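Participant: Take the given structure of chain L and dock chains Z, R and P to it, following the hints.
Protein chains in written order, with this note's numbering: chain L, 1 to 215; chain Z, 1001 to 1215; chain R, 2001 to 2221; chain P, 3001 to 3221.
If you are wondering where the hints come from, they were derived from the structure by calculation, not from laboratory data.
In this text, all values refer to a predicted model and were calculated from it rather than measured experimentally.
Careful, some of the hints might be misleading.
Below, in silico cross-link-like pairs of lysine-lysine (DSSO-like), each with a Cα-Cα straight-line distance of 30 Å or less [stated by the list, open to error]: (1) Z:LYS1153 <-> R:LYS2015; (2) P:LYS3133 <-> L:LYS137; (3) L:LYS137 <-> R:LYS2015; (4) L:LYS13 <-> R:LYS2133; (5) L:LYS137 <-> R:LYS2185; (6) R:LYS2133 <-> Z:LYS1137; (7) L:LYS212 <-> L:LYS13; (8) Z:LYS1137 <-> P:LYS3006; (9) P:LYS3133 <-> L:LYS120; (10) P:LYS3185 <-> Z:LYS1013; (11) L:LYS208 <-> L:LYS4; (12) P:LYS3006 <-> R:LYS2133; (13) Z:LYS1013 <-> P:LYS3006.
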Amino acid sequence: MDAKTIIAKRVAKELHDGDLVNLGIGLPTLVANHIDADITVHLQSENGLIGLGPSPELEHVDLNLTNAGGQPVTLIEGGMYFDSVTSFGIIRGGHVDVTVLGALEVDAEGSLASWIVPGKRVPGMGGAMDLVVGAQKVIVAMTHTNKGQPKIKTQCTLPLTAYRQVNLIVTELAVIAVREDGLHLLEIHPDTTLEKVLALTEAPLHVKTYTKMEG
Amino acid sequence: MDAKTIIAKRVAKELHDGDLVNLGIGLPTLVANHIDADITVHLQSENGLIGLGPSPELEHVDLNLTNAGGQPVTLIEGGMYFDSVTSFGIIRGGHVDVTVLGALEVDAEGSLASWIVPGKRVPGMGGAMDLVVGAQKVIVAMTHTNKGQPKIKTQCTLPLTAYRQVNLIVTELAVIAVREDGLHLLEIHPDTTLEKVLALTEAPLHVKTYTKMEG
Amino acid sequence: MINKQKYLDRQTFVKHLFDGMHIMVGGFMTCGTPEQLIDWLLESNINDLTIICNDAGYPEAGVGKLIAAGRVRSLIASHIGLNPIAGTKMSDGTLDVTLVPQGTLAEQIRAGGAGLGGFLTPTGLNTPAEEGKERLEVDGQPYILERPLRADLALIKARQVDRYGNLNYAKTARNFNPVMATAAKLVCVEATERIQVMDPEVVITPHVLVDYILAEVRDGR
Amino acid sequence: MINKQKYLDRQTFVKHLFDGMHIMVGGFMTCGTPEQLIDWLLESNINDLTIICNDAGYPEAGVGKLIAAGRVRSLIASHIGLNPIAGTKMSDGTLDVTLVPQGTLAEQIRAGGAGLGGFLTPTGLNTPAEEGKERLEVDGQPYILERPLRADLALIKARQVDRYGNLNYAKTARNFNPVMATAAKLVCVEATERIQVMDPEVVITPHVLVDYILAEVRDGR
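The shape of chain L in the complex, shown without the other chains (with noise of 0.2 Å):
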């Protein structure tokens, strides 16, 4: 299994029936292909609706109806649309359960940095700090490295996104869960060491006990 599928299926596992759910661009759009079967996940796409489904074949695209990356997508039965202000009411009002998204970094006090490399990219937030601010459940779902360079730092170098929002960072090596006092290791995977996740992560580890990650 490759990185990303690992971390996906993990995540995946974090939701919860009736949760209403928003996956960012790129990787955390792979959680949608492993929810369990036997609940029902609600997912919004923050540009207008809840209720999204699977992307449409070819012949069957829409071009009023795309996701949040501006992609084709297409609405389950019992969904429906609503504007930009709605969206961002039902956001940043709390009702959103999980909020995945992808980050550069991710620091000991549950900060992120996503949006923006000064100087080389500048993309731009999007959506990405009210979801932060407004879910109840913030979880970063990212590689555990970017080319070998810890991505969980003690602190964030880049600019954040928000500070002190994330609860759960999923990577394909370990989970990690954001707590007062900082960073609780609370899976590894399989395939790796304890050596291993504390040799690749910049910021301290509280490890107690913890157990393997369930893919």
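Facilitator: Only chains Z, R and P this time, still in chain L's reference frame:
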């Protein structure tokens, strides 16, 4: 013609084709009966509609279709329903061209009092404070006096509905404009005299050229 | 299928009630007010309620029934004019009434439901509505800083509910209902009609905001 | 009949344009963007525009066309990621980009259209989005005070317009369109379809907010 009809007919002349207009409960409601047949005025009811039509026959009363006074009304073709947030967004956002409302007192600065008589009557302000602040033009439609006591005062004595928001005062005796430098007499009713109007008006009136009030 | 939403019977409803709770009630002069849910409140023994509603209803309809029964300690509303009992209780000190401009009331509830810490409105400047509130200037214009409103429970009257819990409303019975459905911990809905699936373009209240749907509506109302 | 609203031809449209004007453009990654009205802007000779839009579009679609043609001085948007030309122009200083959190952008436009002087949001606290803004505490919680946004012109893409000027929108092409229709001095609409009368329960934008309806839509779009 009774006082109310004189006032309603004169106020109706202030409305223009295409105007969005809110008519308050009571006397202002009568203005709708006198709108020039050549123009289209859109009537808003702040509880949630634009396109207020005439009162329904008893057998056509719909308890889910009322005006801001809780009375059964109808909707004309082209009208629509919306919620209270949208309604007051339209009102406070300056999209209402004219609001017409009654008052207990109006003063030389264009402040008005209409919603409370301390110790006696506490109906509440309802939507009046928003309407008076938000509408492009505020017309007070009221009898000139309360049992002979002037209602147009140098300074309101009752708690205010709004400070300096009234543009025009229409009574059965006179039409008075509120300007930066105070009240200007624009018209007096043919059946009255300047002396009588001045005697029944506590606030000072600028009297230069005035015309006969048209009914 | 209705997921998070559940059908509500009286027994379940009463379990969620407690003395002193804050309850938002939809409707405008009882147009769009869920009368059956109010009757269930009356039939329970909860007391000391804070009611947030556009108005005080009538003595025998809407939140007026709760006021007349002496169950309401505080009322936050834009007017009480058509309920003389509310006026009397306000005068004799047995009902604490906070009068709020209607647009401000709607916007306070919206702020509560949309996660805002407050908003700046010109409505009520230099009037009793400004008392006790902070005044801020933005670009030289004065505004009143108004706070968000939230509640423990919202009682909502809808026209239709579909099997997913999506809601729409009837004509001017919409009024405060949709915004109140965003701003309470528990949202209970009394709907006139049940349908299969609502057109996704015309849903007013998304199912994710709804906690309970009244299981059986009396009189087919 | 359409009253205040008027049918819009290119000549009339151009008369309302001026250099340096602030224009809101509906759409989200060009889904729900009025491309014909943007082309009319391109074909005019106005310049130094300030564009308020969710994003920078693509180099050859949406507001990206105006940016590529060098007609935009300032862009207020939540992201520019899919338009490399916007990024390049931002870097070389020929385009002034203000990045705003998407929910804050929507709410700023709403505040502009709803007569509010601003609002308090927790979004962006302790991030670059807070720079230059006032921080306020309400009940011990910090918030950023955000200002309203208004514009001289709003370009709106609707699905249907009825003969009174009422609008609805197609699926997720709704996005920023309805709120922008509340917040500009002049509101011009490009609608895919004309119908007789819209169901009063499902009108999204009331006709009173609409100034002009595009008279002829090319390609039947």
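Participant: All the hints need checking, so say for each whether the structure fits it.
Facilitator: Quick rundown of the hints versus the structure:
no., hint, in the structure
1, Z:LYS1153 <-> R:LYS2015, "56 Å, violated"
2, P:LYS3133 <-> L:LYS137, "27 Å, holds"
3, L:LYS137 <-> R:LYS2015, "27 Å, holds"
4, L:LYS13 <-> R:LYS2133, "47 Å, violated"
5, L:LYS137 <-> R:LYS2185, "17 Å, holds"
6, R:LYS2133 <-> Z:LYS1137, "27 Å, holds"
7, L:LYS212 <-> L:LYS13, "14 Å, holds"
8, Z:LYS1137 <-> P:LYS3006, "23 Å, holds"
9, P:LYS3133 <-> L:LYS120, "25 Å, holds"
10, P:LYS3185 <-> Z:LYS1013, "26 Å, holds"
11, L:LYS208 <-> L:LYS4, "27 Å, holds"
12, P:LYS3006 <-> R:LYS2133, "44 Å, violated"
13, Z:LYS1013 <-> P:LYS3006, "24 Å, holds"
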